[in-house]
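> Chain by chain, the residues run as shown.
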Amino acid sequence: MSSIFKSASAIAESLSKGESSAVEVAQEHLDRIAAVDGDVHAFLYIDTEGALAQAADIDKRRAAGERLPALAGVPLALKDVMTQQGIPTTCGSKMLEGWRPPYDSTVVTKLKANGVVILGKTNMDEFAMGSSTENSAYGPTHNPWDLTRIPGGSGGGSAASLAAFEAPLAIGTDTGGSIRQPAAVTGTVGVKPTYGAVSRYGLVAFSSSLDQAGPCARNVLDTALLHEAIAGYDPKDSTSINAPVGKMVEAAKKLDVKGMKIGIVKELSGDGYQAGVKTRFNEAIEALVSAGAEIVEVSAPNFEYALAAYYLIAPSECSSNLARFDSMRYGIRVGDNGERGAEEVMRMTRELGFGKEVKRRIILGTYALSSGYYDAYYGSAQKVRTLIKQDFDAAFAKADVLVSPTCPTTAFKIGEKADDPLAMYLNDIATIPVNMAGIGGMSLPCGLAEEDGLPVGFQIMSPAMKDELMYQVGGTLEAALLSQWGKPLLSSVPALGAK
Amino acid sequence: MAAISRDEVAHLARLARIEMTDSELDHLSDEMEVILGAVARVQEVAGAEVPPTSHPLDMKNVYRPDVVVPSLTNAQALSGAPAQEEERFKVPQILGEE
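Chains A and B supply the protein sequences, listed in that same order.
Just so you know, the first sequence maps onto residues 1 to 499 in the working numbering.
Just so you know, the second sequence maps onto residues 500 to 597 in the working numbering.
For reference, chain A alone in the conformation it holds in the complex (with noise of 0.2 Å):
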């Protein structure tokens, strides 16, 4: 049986019982990104030779009797934000076409290091900002449910590359849902975990005091095996937490809930949220009832100012981040002609290498930041980031962790929103809490609404540095919801590729 349709954790186990090789592994995997990658688009790089060249080399090390680290040689999707040595790095922007850059991020290292071969580049929407993958230069991803439909964003193209079966294993990085968005859309497994659990180093800035990088997988428990595998404090990254990464795995595999309070938080759902997202969250909660867990009601009084206050600090941190896109040092360079300035390469540069979403985010964090206007956006949303971590302390006080759907809706279709912005960033309006206060969040798949057959999210929200809670829930919903189905909900993905 190829492994393209195992899990994570299953391809181990095969490996290291000398089932499979690593190599064999990898080829399956690339063969199948070759068979459906044209109808998806999650892919913006493949990396055949260096791909096959790692498992090679896992392959030789497990010959020679070496102990190996859990993950060794199993395939990995990584999103075009993070660095790799060599490995071009676009960030879905024309601005660094080409760039190949001279180090490798610390989530590289660490994966390297864990034998994870890495497959190649996700396709995800530029500099990480959007939530459908449609601000990508190199154009949009299909969501593999409906390839008519968006794969979530800004990480639509890892999300999409687990549902296609292309990777077992992703990368991804959340500044205000571009992990657990992409993964409620494309029925997958995605955590952003506690703000500095994972090293930002090499992870090319959006948001900083927000960004976070995370795993993605088909499972709970592939997922914690990579959140254990990337996270970890590095000095090379100021805002690192230097505290031991904590037991996911084992959380993962719990499978109980007794006792444990679970808090749905009352302002994240309602008016908005699409009846069959609500339907599948009731259907959800009752689950976790029947395993013993105690269901608490918790208010949020803030949290509708989340989505405003994002909105200003995310551009205004942005808009300084991307200030380093100046063609001098990397990047595209356009319009040196030997006779015009830097200043004005640097402004034709910058309009021919961003987006409009990105000149969008620029144009208002330049705004919010700019003196005399300071103090009513960026420094307000500011004292709203304050409030929504009060509403968090007191709602973690009654409840272990909170839950809530993970997005309004159901995948839309390709360009339904795409010149509305406001109505593209209500996506966020479930997740973005999680970020303002730094706190863990995972999305997993708690069924297809009944409406569209599409799936949808259940969002899990744990306490600072008490990221395993979402995977002792999570696992638990997992198993409870699988043997109500009888089958893994991405079993029912069309075929793909059979043109």
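Certain hints may be false.
[Claimed, not checked] Okay, the calculated bits of chain B under chain A, using three or more residues with CB under 8 Å as the criterion:
| id | stretch |
| --- | --- |
| 1 | 517 to 525 |
| 2 | 554 to 561 |
| 3 | 568 to 578 |
[Unchecked claim] Straight-line distance between alpha carbons at most 30 Å, and here's what the computed DSSO-like set of lysine-lysine pairs gives:
| id | chain 1 | residue 1 | chain 2 | residue 2 |
| --- | --- | --- | --- | --- |
| 4 | B | 589 | A | 94 |
| 5 | B | 559 | A | 236 |
| 6 | A | 236 | B | 589 |
| 7 | A | 356 | A | 94 |
| 8 | B | 559 | A | 247 |
| 9 | A | 389 | B | 559 |
| 10 | A | 356 | B | 589 |
| 11 | A | 466 | B | 559 |
| 12 | B | 559 | A | 110 |
[To be verified] Cβ pair distances, simulated, as ranges:
| id | chain 1 | residue 1 | chain 2 | residue 2 | range |
| --- | --- | --- | --- | --- | --- |
| 13 | A | 16 | B | 573 | 42 to 50 Å |
| 14 | B | 570 | A | 423 | 43 to 51 Å |
| 15 | A | 53 | B | 582 | 29 to 37 Å |
| 16 | A | 495 | B | 540 | 43 to 51 Å |
Calculated directly from the structure, the hints in this document are not laboratory data.
Please read all numbers here as calculations on a predicted model, not as lab measurements.
Cβ coordinates follow ideal geometry from the N, Cα and C atoms, glycine included.
Use these hints to put chain B onto chain A, whose structure you have.
Coordinates of chain B only, in the frame set by chain A:
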């Protein structure tokens, strides 16, 4: 709600070093008006008594040991340069403009 003029958007684009066409400026001023209208809501609850939060972690002055560690070679650092000369970044003239 504060209106934002086309001239203001043009000024912001200059500050952000982004050349913009007339139609881009027209379009963006309309959009900015709508977006600013929506995000201005933060002012409703941002009272003087609420302290600001700039970062989720309460940490300051994070230092590393002051020791020399390997870094990129000159060639690696220049590997992505749009132009280079004599092992340096070559940039357009920076004096004598405007």
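> All hints are to be evaluated individually against the structure, with a verdict given for each.
Consistency of the hints with the structure:
Only residues whose beta carbon comes within less than 8 Å of a beta carbon in chain A count, and the stretch 517 to 525 of chain B has 4; three or more means the coverage holds. Against chain A, the stretch 554 to 561 of chain B contributes 5 residues with a C-beta closer than 8 Å to a partner C-beta. That satisfies the three-residue criterion, and the hint holds. For the stretch 568 to 578 of chain B, the assignment as covered by chain A holds, since 4 residues bring a beta-carbon within under 8 Å of that chain's beta-carbons and 3 suffice. About 21 Å separates the Cα atoms of residue 589/B and residue 94/A, which keeps this hinted pair within 30 Å; it holds.
With a C-alpha separation of about 15 Å, the suggested pair residue 559/B and residue 236/A falls inside the 30 Å cut-off, and the hint holds. Taking the CA atoms of residue 236/A and residue 589/B, the gap is about 29 Å. The hint holds against a cut of 30 Å. Of the pairs offered as hints, the one joining residue 356/A and residue 94/A holds, with about 12 Å between alpha carbons and a cut-off of 30 Å not exceeded. Distance check on the hinted pair: residue 559/B and residue 247/A sit about 28 Å apart at the alpha-carbon level, within 30 Å; holds.
Straight-line distance between C-alpha atoms of residue 389/A and residue 559/B comes to about 19 Å, which keeps the hinted pair within the 30 Å bound. Between residue 356/A and residue 589/B the alpha-carbon distance is near 29 Å, which keeps this suggested pair within the 30 Å criterion. A C-alpha spacing of about 22 Å is found between residue 466/A and residue 559/B, which places the hinted pair at or below 30 Å, so the restraint holds. Only pairs whose Cα atoms come within 30 Å are accepted, and residue 559/B paired with residue 110/A is accepted, the gap being roughly 26 Å.
Between residue 16/A and residue 573/B the beta carbons are some 43 Å apart, a value that agrees with the proposed interval 42 to 50 Å. At about 46 Å, the CB distance of residue 570/B to residue 423/A agrees with the hint of 43 to 51 Å. Separated by about 33 Å at the C-beta atoms, residue 53/A and residue 582/B satisfy the suggested range of 29 to 37 Å. The hinted window of 43 to 51 Å between residue 495/A and residue 540/B holds, with their beta carbons roughly 46 Å apart.
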